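Q: Sequence:
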Amino acid sequence: FEVGTGGGSIARIADEGGLRVGPESAGSEPGPACYGQGGTFPTVTDANVYLGRLSPDRFLGGEMTLDMEAAREAINEKVARPLDMETSDAAQGILSIAVTSMSHAVKAVTTERGLNASDFAMVAYGGAGPLHACSVAREMGIGKVIIPRSPGHFSAFGMLFSDLRYDYVRSRFTRLADADFSDLEDVYIGLEAEGYREIEKASAATGRILVSRGADMRYVGQEHSVTVDLPSHLFASEDRAGIKERFDEVHNLRYGTCAPQERSEIVSLRVTVTGMLEKPLLKSIVSGEEKPPKGAHTGTKPVRFGSEILKTDTWDRTQLLAKNFIIGPALIEEHASTTVLHPGDTLTVDDFGNLNINIGGDAL
334 FEVGTGGGSI ARIADEGGLR VGPESAGSEP GPACYGQGGT FPTVTDANVY
384 LGRLSPDRFL GGEMTLDMEA AREAINEKVA RPLDMETSDA AQGILSIAVT
434 SMSHAVKAVT TERGLNASDF AMVAYGGAGP LHACSVAREM GIGKVIIPRS
484 PGHFSAFGML FSDLRYDYVR SRFTRLADAD FSDLEDVYIG LEAEGYREIE
534 KASAATGRIL VSRGADMRYV GQEHSVTVDL PSHLFASEDR AGIKERFDEV
584 HNLRYGTCAP QERSEIVSLR VTVTGMLEKP LLKSIVSGEE KPPKGAHTGT
634 KPVRFGSEIL KTDTWDRTQL LAKNFIIGPA LIEEHASTTV LHPGDTLTVD
684 DFGNLNINIG GDAL
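Position in the sequence shown (from 1) plus 333 gives the number in this note's numbering.
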């Protein structure tokens, strides 16, 4: 899922007098104030720069230098002065609100769907994801964070691993008790045939094609429906009870409740046809010891965590080896992103260069 709040999200004083972050964004042009391209509104990126979490001279691998003074002035003029607070406190406030907004997005796909966020690991990517991942994980009670290699390019890299997928939906309203399975089967077969034709036209699949069926269902009288995966054998045997049971399970997972005694209805039918493609091979990185090589450590700098300013190690991610172990606070810097490791957090580099972070310590 995607989180709307990002590095370009603008911080401003709302009409009611409180601090708000987003949904307005500075975008890439003019961008955050620290970009030095004419932007005057403070953003999440400006807050990260001012708090020490982004190194001005190492942004984009040193290809671009960020303007710390411009970030300070934007935060001071638009937030700190109107709220009569210190610039550093204003920057921390911007960051805290941004993290809360990101956490709400995580809740939308976990707790609001009946899932316990602490049962999952969080994979964070994008330019801003690794900057805030450990903060969001703390707020959500998530114990493990994974930062993939080249997180700023992770979405594009993922396209190389994507299969050809075609999704089809056809309206077909019927009470489950009255469903004509022969008619429904005809609809499914027609949708699947469309998918097969598209896969064949693409001429890129390996020959292995996967087909899955589903239906949008709801209880009689409901407005909203949920999508239920339906194996074909349930239709072959006309297993109404089995279909109803699967619907109840999905409804309970989504809303935390179900009503097995209530009648249900089908709103529409869904088919997904997937043509499997060859995948690039992931190469492992050079293995080392628990202690990172000397060349990976690039220095120390003051970074604010919560109300404290702490001496923080900075590391060049490109120089880290598999099995390297780092204890927070630390910044792991690379071309298109920076991973912020909080006090109490620990990080281990795995064989494929992913950063596996265990969340520890108090929220900061």
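I should point out that these hints are in silico values taken from the structure, not numbers from a laboratory. Hints are not guaranteed to be accurate.
[To be verified] Here are the simulated lysine-lysine pairs, DSSO-like style, with alpha carbons at most 27 Å apart:
(1) 612 with 534
(2) 644 with 656
(3) 656 with 634
(4) 624 with 656
(5) 656 with 627
(6) 644 with 616
(7) 616 with 627
(8) 656 with 612
(9) 627 with 612
(10) 634 with 644
(11) 477 with 577
(12) 477 with 656
(13) 477 with 616
(14) 577 with 627
(15) 634 with 616
(16) 616 with 440
(17) 612 with 624
(18) 477 with 624
[Claimed, not checked] Derived DEER-like restraints, expressed as beta-carbon distance ranges:
(19) 582 with 635: 34 to 40 Å
(20) 541 with 416: 32 to 38 Å
(21) 640 with 477: 24 to 30 Å
(22) 446 with 593: 35 to 41 Å
(23) 519 with 554: 36 to 42 Å
(24) 613 with 575: 23 to 29 Å
Predicted model, so just to flag it, every value in this text is computed and none were measured. Note that beta-carbon positions come from the ideal geometry of N, C-alpha and C, so glycine has one too.
Q: Looking only at beta-carbon atoms, does the pair residue 640, residue 477 fall within the given range of 24 to 30 Å?
A: 26 Å Cβ-Cβ, so the 24 to 30 Å window holds.
Q: Keeping to a limit of 27 Å between CA atoms, is the pair of residue 477 and residue 624 held or broken?
A: Given pair residue 477, residue 624 holds - Cα atoms ~21 Å apart, limit 27 Å.
Q: Do the alpha carbons of residue 477 and residue 577 lie within 27 Å of each other, as the hint requires?
A: violated (36 Å)
Q: Please test the hint of 35 to 41 Å on the beta carbon pair from residue 446 and residue 593.
A: With a Cβ separation near 20 Å, residue 446 and residue 593 fall outside 35 to 41 Å, so the hint is violated.
Q: Under the criterion that the straight-line Cα-Cα distance not exceed 27 Å, is the pair residue 577, residue 627 satisfied?
A: The given pair, whose Cα atoms are some 61 Å apart, is violated under the 27 Å limit.
Q: Take a quick look at whether residue 656 and residue 634 sit within 27 Å of each other, Cα to Cα.
A: Holds, because 25 Å separates the two Cα atoms, which is no more than 27 Å.
Q: Range first: 34 to 40 Å. Now tell me if the beta carbons of residue 582 and residue 635 are that far apart.
A: violated (52 Å)
Q: Tell me if the straight-line CA distance from residue 612 to residue 534 falls inside 27 Å.
A: Holds - the C-alpha atoms of residue 534 and residue 612 are around 20 Å apart, at most 27 Å.
Q: Given the hint that residue 616 pairs with residue 627, does the C-alpha gap stay at or below 27 Å?
A: holds (24 Å)
Q: Determine whether the Cβ-Cβ distance between residue 519 and residue 554 falls within the hinted range of 36 to 42 Å.
A: Given range 36 to 42 Å: violated, Cβ gap about 28 Å.
Q: When you check the alpha-carbon spacing of residue 656 and residue 627, does it fall within 27 Å?
A: Satisfied, since the Cα-Cα distance of roughly 15 Å is no more than 27 Å.
Q: Taking the beta carbons of residue 613 and residue 575, is their distance inside 23 to 29 Å?
A: Violated: the Cβ-Cβ distance is about 39 Å, outside 23 to 29 Å.
When held up to the earlier numbered hints, the structure conflicts with 6, 9, 11, 14, 15, 16, 17, 19, 20, 22, 23, 24 and fits the remainder.
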